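Colleague: Here is what each chain is made of, one letter per residue.
There are 2 protein chains.
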Amino acid sequence: MMETAVILSTGDELTTGKVIDTNSAFIADRLFSIGVKVAAVLKVADDPKRLLWALREARALGDLIIGTGGLGPTADDLTTEMVANFLDRNLIVNEQVAADLRRRFEVRSIPWTANNLKQARFPEGAAIIANPVGTAPGFHAILGNGKNLFWLSGVPQEMTAMFNETVLPWIVAQQDRAAQILACTFKIYGLSESNLDDLVKPIDLGNHAKLSFRAHYPDLTLRLTVSGEAVQKQFAELCDRIRAVLSPYIYAEGDLTMEEVVGRLLFEKQQTLALAESCTGGLISQRITRIAGSSAYYYGGAVTYSNDAKIKFLGVTAATLEKHGAVSQQTALEMSQGIRERTGASIGLSVTGVAGPSGGSQQKPIGTIWISIAQENRHEARSFYFHGERERIILGTSQAALNWLRQTLLN
Amino acid sequence: MMETAVILSTGDELTTGKVIDTNSAFIADRLFSIGVKVAAVLKVADDPKRLLWALREARALGDLIIGTGGLGPTADDLTTEMVANFLDRNLIVNEQVAADLRRRFEVRSIPWTANNLKQARFPEGAAIIANPVGTAPGFHAILGNGKNLFWLSGVPQEMTAMFNETVLPWIVAQQDRAAQILACTFKIYGLSESNLDDLVKPIDLGNHAKLSFRAHYPDLTLRLTVSGEAVQKQFAELCDRIRAVLSPYIYAEGDLTMEEVVGRLLFEKQQTLALAESCTGGLISQRITRIAGSSAYYYGGAVTYSNDAKIKFLGVTAATLEKHGAVSQQTALEMSQGIRERTGASIGLSVTGVAGPSGGSQQKPIGTIWISIAQENRHEARSFYFHGERERIILGTSQAALNWLRQTLLN
Numbered sequence: 006m007m008e009t010a011v012i013l014s015t016g017d018e019l020t021t022g023k024v025i026d027t028n029s030a031f032i033a034d035r036l037f038s039i040g041v042k043v044a045a046v047l048k049v050a051d052d053p054k055r056l057l058w059a060l061r062e063a064r065a066l067g068d069l070i071i072g073t074g075g076l077g078p079t080a081d082d083l084t085t086e087m088v089a090n091f092l093d094r095n096l097i098v099n100e101q102v103a104a105d106l107r108r109r110f111e112v113r114s115i116p117w118t119a120n121n122l123k124q125a126r127f128p129e130g131a132a133i134i135a136n137p138v139g140t141a142p143g144f145h146a147i148l149g150n151g152k153n154l155f156w157l158s159g160v161p162q163e164m165t166a167m168f169n170e171t172v173l174p175w176i177v178a179q180q181d182r183a184a185q186i187l188a189c190t191f192k193i194y195g196l197s198e199s200n201l202d203d204l205v206k207p208i209d210l211g212n213h214a215k216l217s218f219r220a221h222y223p224d225l226t227l228r229l230t231v232s233g234e235a236v237q238k239q240f241a242e243l244c245d246r247i248r249a250v251l252s253p254y255i256y257a258e259g260d261l262t263m264e265e266v267v268g269r270l271l272f273e274k275q276q277t278l279a280l281a282e283s284c285t286g287g288l289i290s291q292r293i294t295r296i297a298g299s300s301a302y303y304y305g306g307a308v309t310y311s312n313d314a315k316i317k318f319l320g321v322t323a324a325t326l327e328k329h330g331a332v333s334q335q336t337a338l339e340m341s342q343g344i345r346e347r348t349g350a351s352i353g354l355s356v357t358g359v360a361g362p363s364g365g366s367q368q369k370p371i372g373t374i375w376i377s378i379a380q381e382n383r384h385e386a387r388s389f390y391f392h393g394e395r396e397r398i399i400l401g402t403s404q405a406a407l408n409w410l411r412q413t414l415l416n
Numbered sequence: 006m007m008e009t010a011v012i013l014s015t016g017d018e019l020t021t022g023k024v025i026d027t028n029s030a031f032i033a034d035r036l037f038s039i040g041v042k043v044a045a046v047l048k049v050a051d052d053p054k055r056l057l058w059a060l061r062e063a064r065a066l067g068d069l070i071i072g073t074g075g076l077g078p079t080a081d082d083l084t085t086e087m088v089a090n091f092l093d094r095n096l097i098v099n100e101q102v103a104a105d106l107r108r109r110f111e112v113r114s115i116p117w118t119a120n121n122l123k124q125a126r127f128p129e130g131a132a133i134i135a136n137p138v139g140t141a142p143g144f145h146a147i148l149g150n151g152k153n154l155f156w157l158s159g160v161p162q163e164m165t166a167m168f169n170e171t172v173l174p175w176i177v178a179q180q181d182r183a184a185q186i187l188a189c190t191f192k193i194y195g196l197s198e199s200n201l202d203d204l205v206k207p208i209d210l211g212n213h214a215k216l217s218f219r220a221h222y223p224d225l226t227l228r229l230t231v232s233g234e235a236v237q238k239q240f241a242e243l244c245d246r247i248r249a250v251l252s253p254y255i256y257a258e259g260d261l262t263m264e265e266v267v268g269r270l271l272f273e274k275q276q277t278l279a280l281a282e283s284c285t286g287g288l289i290s291q292r293i294t295r296i297a298g299s300s301a302y303y304y305g306g307a308v309t310y311s312n313d314a315k316i317k318f319l320g321v322t323a324a325t326l327e328k329h330g331a332v333s334q335q336t337a338l339e340m341s342q343g344i345r346e347r348t349g350a351s352i353g354l355s356v357t358g359v360a361g362p363s364g365g366s367q368q369k370p371i372g373t374i375w376i377s378i379a380q381e382n383r384h385e386a387r388s389f390y391f392h393g394e395r396e397r398i399i400l401g402t403s404q405a406a407l408n409w410l411r412q413t414l415l416n
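Going line by line, the protein sequences match chains A and B.
Under my numbering, residues 6 to 416 are what the first sequence spells out, in order.
Under my numbering, residues 6 to 416 are what the second sequence spells out, in order.
Same shape as in the complex, but just chain A:
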């Protein structure tokens, strides 16, 4: 039974502050979701003395040591040697890994040098952890007293794949014979982190389920993990409970962004989109086009930052701007209609607002936003209000616009 883990992150780039360590947060989040506590995260340089100190402390503090980094071919990649030293074992070449490495080099016509064989050496008796996205495999060593050590690549993408495919299933299987992990991610719109917390608190999770959430504005993600034996039924029931409580706020199940959800809907419904952005300055367009293949449904748009641009590109009337102002229901409506008519897209979406830090008034304080959607049979504008700094207002506006577009496409 694995109860307490220690995470080791190694590399000079971490102790000199050149790189922010995201690996340990990823691993800690996944361990939390299956009920394993992290006693400590230790970061040390590629230095033999420090590495040995960290390994000794980790063994003293936890049942499970999960380390990352230092598996590369260069001289400063000391990890495998130090772990072998720590375990008092020899380093042995794994012929299978060596052959795989040679083949990779051949295929890419990269000359093979002796130091590359370093990546095929492992502490005697360790099991190899496949690296599905890179050259350096990791390893798993049993330490005795029921303690285990896993060492993974420090490249986040490689670490993620190795952890999810090998380490996590192994831990869960140890926790419970015939065990499995079932997980679902819910993407949330329209709730703050504390509102979300309040809503899910009453859900009885029992002993096998965990809920974790992460807020990275404007994104809010809820993750349900159920682990144990024969937990399919419980998992399905908990998913249903969450859906029942949160359905108005869930915009996706799975790791999708809002722009991916909107893109898929536009594609499925064979609709085309044109944008007229003012205060968001091109952010919505940029989010839409971040998705490969978006040219299938995105026509393009206008960033009409000045009044003159609203008149010339969208046909907003000078009278409307004069009477109602650039941030108004009337201007938003003319913008969405204008971009739709001028482009022939099936949907025209417009945004105009006061992002600050200047430009606010008592009537239209900073954070006042109008969004409008024009379709063949429907033409509407809605007002929104966002608190905070300029950047936050712009981000929040882009998310609100995409979410409204999503709802429109679903109806």
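None of these hints come from the bench; they were simulated from the model.
Please note: incorrect hints may appear among the correct ones.
Where chains are identical, the list cannot tell them apart; a pair therefore holds if satisfied intra-copy or between any two copies.
[Unchecked claim] Below, in silico cross-link-like pairs of lysine-lysine (DSBU-like), each with a Cα-Cα straight-line distance of 35 Å or less:
| # | residue 1 | residue 2 |
| --- | --- | --- |
| 1 | K317 | K206 |
| 2 | K23 | K54 |
| 3 | K317 | K328 |
| 4 | K23 | K328 |
| 5 | K317 | K42 |
Computed from a predicted structure; not experimentally measured.
Given chain A, put chain B in place with the hints provided.
Modeller: This is chain B only, laid out in the frame that chain A set:
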């Protein structure tokens, strides 16, 4: 003389993976720049046993312990109590801090509760570290044997201010009487990290200067720090050496972004800008408008993702698109000219290219980009090529376009 530091980051949010710890990287970078080595970074939960373990290990490993987090008013904020415990000292209310706290609450009309007094309690004999941007001050305790402990707020903005204003000057003063820290940041365009490393390696830094760099694509930053006694002359000379070696690549001195530099130049030169973006999908526009006050020089632009949009919004001819294709010198030229003429802006900038992952050909592989600038007396297009994934190509293109615009404005 402070030679070796240990950084402690505390908080349940770190050991459950809810938050990525950026504080330790910031502190490690600053310590590196003044020649202090970080022996280890230790992250533990708000748990008495773990905190005491971390404090003991930190004292054993380093001369200098710098901790963050757990100074708040709630029950799970245990740090100050645990440090007092570790030091075998009493907790004493600092009346000055208590009075300041009460005043803050009064000014904001927030009811004062007893648990807030917790933030005014410190280990006996500790010096207070002012928190210029938040409520909870930190503290500095002398541990004996020439060892020192500093504890700061875990809120990044507060930690940064407390570290820069109090901790860093104290360490430098210890290193050298009458010492000072002089630092300069150079923002780099057009070099890879390893090219930059090669160029600055021959510069003789002596014993008092350090160079550190950080790459966060497309940004590359070089930082010179000189610390010691009477180092003004050396600092000035090293700045000049760096300028001599890197001048074609430095786009700013100081912590400015490329879009800030361009924005300032547009404003100073009283020029206005209009954009015609294809493959960057609005990113350049979004970067320009991220800067508050950009409406003074940014007219707006068109995101002409489709050929039809290039024709309708910019007046690119169907013949040009037919003959040369959307990604071509001719199309880029017609786009920049078109947006300039249609908006009356003094500068028209256009971008068209193949961002991938599909759409590449042998003649125009993924990563092929044309950028064009149209001014009253000048009209030019240049081709660029970017390696990598879609997102990287788009980011690189936006940086190249802004840098060319910067050079144009300087001439």
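Colleague: Taking the hints in turn, state whether each one holds.
Modeller: These are the hints, each one checked on the structure:
1. Taking identical chains as interchangeable, the C-alpha atoms of K317 and K206 are never at most 35 Å apart, the minima being 52 Å within one chain and 54 Å between chains.
2. Taking the closest pair of Cα atoms, K23 and K54 come within 35 Å of each other both inside a single copy (21 Å) and across two copies (31 Å).
3. Both within a single protomer and between protomers do K317 and K328 lie at most 35 Å apart by alpha-carbon distance, with minima of 18 Å and 29 Å respectively.
4. With identical chains, the CA atoms of K23 and K328 are never at most 35 Å apart, being 54 Å at best within one copy and 48 Å at best between copies.
5. Neither within a single protomer nor between protomers do K317 and K42 lie at most 35 Å apart by alpha-carbon distance, with minima of 60 Å and 60 Å respectively.
Comparing the model with each numbered hint stated earlier shows that hints 1, 4 and 5 do not hold.
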